[in-house]
Amino acid sequence: MPKSQNINPKVVRKPKFIEFGKIPVNQYNKTIEEEKKNFGKEDFIRIYHDMVVIREFETMLNLIKTTNEYNGIPYNHPGPAHLSIGQEASAVGMAYNLGIDDYIFGSHRSHGEILAKGLSAIHRLDEDALYNIMKNYFGGSALKVVEKGFSGTTKELAKNFLLYGALAEIFARENGFNKGLGGSMHAFFTPFGIYPNNAIVGGSGDISVGAALYKKINRKPGIVVCNIGDASMGCGPVWEGICFATMDQFKTLWSGEYKGGLPLIFNFMNNLYGMGGQTMGETMGYDILARVGAGVNPESMHSERVDGYNPLAVIDAFRRKKKLLGEKQGPVLLDTLTYRISGHSPSDASSYRSKEEIEAWQQEDSILSYGNSLIAAGIAKKEMLEEITSETKELLSQILKLSIDDNLSPRLDLVRDPDCIGRMMFSNTPADKMEDRTPEVLMPIEENPRVKSIKTKERFYRDKDGKPVSKAKLFQFRDAIFEAIIDRFYKDPTLAAWGEENRDWGGAFAVYRGLTEALPYHRLFNSPISEGAIVGTAIGYGMCGGRVIAEIMYCDFLGRSGDEVFNQLPKWQAMSGNIIKMPVVLRVSVGSKYGAQHSQDWTALTAHIPGLKVVFPATPYDAKGLMNTALQGTDPVVFFESQRLYDTGEMFHEGGVPEGYYEIPLGEPDIKRKGTDITILTIGATLYPVIKVAETLQEKYGLSTEVIDARSLVPFNYEPVIESVKKTGKILLASDASARGSFLKEMAQTITELAFDHLDAPPVVVGSRNWITPAYEMEEYFFPQPDWILDAINEKVIPLKGHRPLTDWSTEKSIKLNREGV
Amino acid sequence: MATAVIMPRQGQSVETCIITKWFKNMGDTISAGEILFSYETDKAAFDLESPADGILLDRFYEEGAEVPVLVNVAVIGIKGEDISSFGKAGEAIEAVKAVKDVEAVEAVKDAEVKKVTDIVSEPSIDSGSGRKVRISPRAKKIAHEKGISYSQIKGSGPHGRVLASDIEKVLSGAAAIGKPVSKTGAEFSEQPLSNVRKLIARAMHASLQNSAQLTHHMSADVRRLLEARQKIKNLLTTDRKQQDITLNDMICWCVIRALEKFPEANSHFLDDRIKTFSNVHLGIAVDTPRGLMVPAVKNATDMDLVTLSRELKSVADACKKGSISPELIQSTSASFTVSNLGNYGVEIFTPVINLPQVAILGVCTIINRPASLGNGVFGFIPYIGLSLTYDHRAIDGGPATLFLKEIKEQIEHFSY
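From first to last, the protein sequence lines stand for chains A and B. At position 314 of the first sequence (counting the first as 1) the number is 314 in this note's numbering, and the numbers step up by one without a gap. In this note's numbering, each residue's number is its place in the second sequence (first place is 1) plus 822.
So here's chain A without its partners, still in its complex pose:
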């Protein structure tokens, strides 16, 4: 909500009509003769060659899947193979004009795109550069296999390398592009500008926007192509990605060289079916997909339908669109019309389409018709084209043999090294900055109004005389997070932050107040209300090499970014074979007071998914230290913050929150109060009511309580907790999350396992009720209260003399509630 742009009622209330410009549909109509000025003979033939390579590669996989054999070579591939037979012209046309600085993202059906982009990159790179890439990738392990006994040129060697790396990846071999951890639907090879394909339909729809943001924000050359299917137009992340990519601010508010649209093409590989659903005529209503661009922005996203059965038409479109992106006119929407002759997968019986339809498309087969037009134009002879096919078959037979040879192409050895995948879940490579250049800021940090204001605050909750400091003078939790973040903005030039109300407002909870003054638009900006895209773009930005802080305003909105948080953010480091790093901090604010959809603690959901680090600090000292560590790392960290705590001061750390930089290692719980009789482990803001409980236990019942603040959920070092339990024999766990399935339950189970013989009572979990969160006025019946904790201790851990319980923690009650599902 920039004050520089006034919304004038006189203007916006004026009657008028929206005029849509024309959206071209299959307007390419050049002949081969006309194209001879754009392509040499070799180019024409190369296009044909690349299409044949893709066709044969896919045919080989189809035969292996359906007959367990190719060219007499037997092999069983139990994994997926979503083939793109019929779509070769679209892939080759797309890749033809792209350099290695141009990144493509794909879908589950992207073998063709990988090969097309790879072949294009090999054509463009000089031999030394090519050889270096191959030699340096995973120590040249794949190169060694294809190089042995090879006597052709480096470019030919690179072609073998590309086919072998892709096929070995599909067959889950360690020499694959991603150590066999990506597989058919996720294979990619970043040195050639091939970025992750995505097994979730439309998964690339917002990630690719993040990649384009990375290029724009960090002034990197190249464009980004998001290759997704027609049916993904029905997916939220795609629509959110489109909205994010077409924000007005790129052209209105971003300034200087940052002004202008994103270098991004949403290339819908429109094969007219989403698995078995017919998008045109059954499951969507756009009639022609390109129409959608008209609803997005005044430029209609420069949308156009291209005949994806003619490679030259696709090349032509990409040449024109790339030029537009160079002029910062992006993003672009392309509806590349094609057809999949093969089934969705080898198990597809094509029950949703007629034989006649398939035959009609086969008659227009792109390779056949393009070949014929080359022959007709005198560019190639039939025999020559046939030779390309037979040479390709021969080459693929060789590559197949290499790929399935268990000695040459073994899988990761999980017997000898059972933890090798575990080691790839996180990169664990701390770095001050992701790139070495001067960060762009608008003022020296000392002049920042908030930094100046913070200087006057008390950094401990009591002053020198022991009196509580007033809120106005108190260095608060929000200041602690701010300090860590602004520090990193002045260290790491790639660091950018976005989310809802991040700029101007300073975040809904004023954590970012002061950052607007410090940072240009491209480093801090407001996003659409698109939680999916907020996280998805951060993922794309991170995987390209930028550090990013994305913000989800309420934990309850995490569901809106479900796929991004559960399927994308945690996966790509390991699925890349650790090629990719993911320096993404996802700030998630946990609410209260606002009822059922604004007050939930969903830490357990994120902690459940392998590949995410999860922290939930409860004090300013911990918040700053953990944020510093999160921002120093290159792993995705979900950083939970409780809205109950933003205005609290530091109550535990002697001397208050240090002004300088310090780190607190992720995963280390902290003893907030020492004790000997019972341990209470808390997550998040529940620390504070538990401190009250500890005081009551001491004063009324003579029990000395050790209070441990978990601080982190993943990773988590159980040793200090076990040590405490060895001492006390008793442990209660408390947090604001609804008890059922909460992370406390996970911790209770683990503690039981690790300290069984030391337990004097079962670990008892006190969480919120398994209800909707009621209104603020009734919250005391929902969130854990000190009385509940005392009652639970009395009933389940150790009877408290003279205690009169207010709530029922009996076995009978527990069984009843569980039986009722509440």
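No lab work stands behind these hints: they were computed from the structure. Be a bit skeptical, because a hint or two may be false.
Residues from chain A shown here face chain B by an in silico Cβ test under 8 Å; the list is partial [unchecked claim]: (1) 729; (2) 756; (3) 759; (4) 760; (5) 792; (6) 795; (7) 796; (8) 799; (9) 800; (10) 803.
In this text, all values refer to a predicted model and were calculated from it rather than measured experimentally. Just so you know, even glycine gets a beta-carbon here, dropped at the ideal spot from N, CA and C.
Once you've looked at the hints, dock chain B against the given chain A.
Leaving out everything else, chain B in the frame of chain A:
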């Protein structure tokens, strides 16, 4: 000799099979390997090949019959042969029973294994009252470490759960042991076991369960011993030393001398090794109001008779008063034990070894036996009975007998 044809057992879970077809009638000739009948289980069909050449003398079941596995189905032999020993139905039942018996025995074995496990891990059900003992893992661990039985401890935790602090209270003496509940009916009275009783029960049972013990009996002429005792008593009286030297003290003294010559009896058997002590730590069985206790007199080898006597009295008194150091009443404290029932007139008995010790000497009453006094004169000589129980795992019969004989020699040639 005729050959019985049994119904085979096709798989562990198969108990019966159905005869689906006979291929031979009674009186038919059959060769080994020829199909005699077909049968099926609930899962599959099979053919049975004849195990022998001969005539099919009898068929005990007809087609369609459900036959228990492993019973006789038919008999093949020579014409006219007596086959009365091959019962049909009756035998079949026997066979089934035999199978069942085997299973039953195995079930019992399983149960025994389980029982042993239960003993090791202390049952949480109090067998006396059937009351479930609730105890925390931490409290249980401490109880095991300290050798405390917790089934009578009144737990202070939720629902009476025994907590670590309850065990600690017992250890510190401020016991939270519940008042034993006595039940008295017209025909019986029931008392829960005391802790000492339980310890004794467990130790004695374990001893008999876990070792290979047997007892040799021998008698020793005690005339010289009795004379010596009188002398020593007189000596002590004149020395104004108010100490009574008992016959038992003297026998213990002799035992120690014998143990010096037979150190293999002064040992602990520890499953994979034998620990032989260089000094004798003599255990002595003492009856106390709370039950049997066996305190040890440590380092008894070098003690003179008077010292030994004093020490034996001292530990026995401590046991009776309940002030004995718990360490001294552990079975590992003593290297050999003497149990004297002579005062009660016991003529012969089989003492139970205090594991891991390898032997125990039972001392019986003195009996006057007719014996040759030499020169054709016969008279009565006082003999004391000696019952040596030893663990055959550690000591063989020969050395055990020689050891017992050595004790006898020491008694008969007592010199002090």
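Taking 8 Å as the limit, does the beta-carbon of residue 792(A) come near enough to a beta-carbon in chain B?
violated, 10 Å
Holds or violated: residue 756(A) as interface residue toward chain B, Cβ cutoff 8 Å?
Holds - the Cβ of residue 756(A) comes within 8 Å of chain B, reaching about 5 Å at its closest.
Holds or violated: the hint that residue 760(A) contacts chain B, with Cβ atoms closer than 8 Å.
holds, 4 Å
Have a go at the residue 795(A) hint: is there a Cβ in chain B nearer than 8 Å to its own Cβ?
holds, 6 Å
Can you verify the interface hint for residue 729(A): is its Cβ closer than 8 Å to any Cβ in chain B?
Status holds, d = 5 Å.
Grab the minimum C-beta distance from residue 803(A) to chain B and call the hint holds if it beats 8 Å, violated otherwise.
Violated - the Cβ of residue 803(A) stays beyond 8 Å from chain B, reaching only about 12 Å at its closest.
Does the nearest C-beta of chain B fall within a distance shorter than 8 Å of the C-beta of residue 759(A)?
holds, 5 Å
Have a go at the residue 796(A) hint: is there a Cβ in chain B nearer than 8 Å to its own Cβ?
Cβ of residue 796(A) sits 6 Å from chain B, so the hint holds.
Hint check, residue 799(A) versus chain B [nearest Cβ-Cβ separation less than 8 Å]:
Holds: closest Cβ of chain B sits about 6 Å from residue 799(A), inside 8 Å.
Under 8 Å is the threshold here; is the Cβ of residue 800(A) close enough to any Cβ of chain B for the hint to stand?
violated, 10 Å
When each numbered hint is compared with the structure, violations occur for hints 5, 9, 10.
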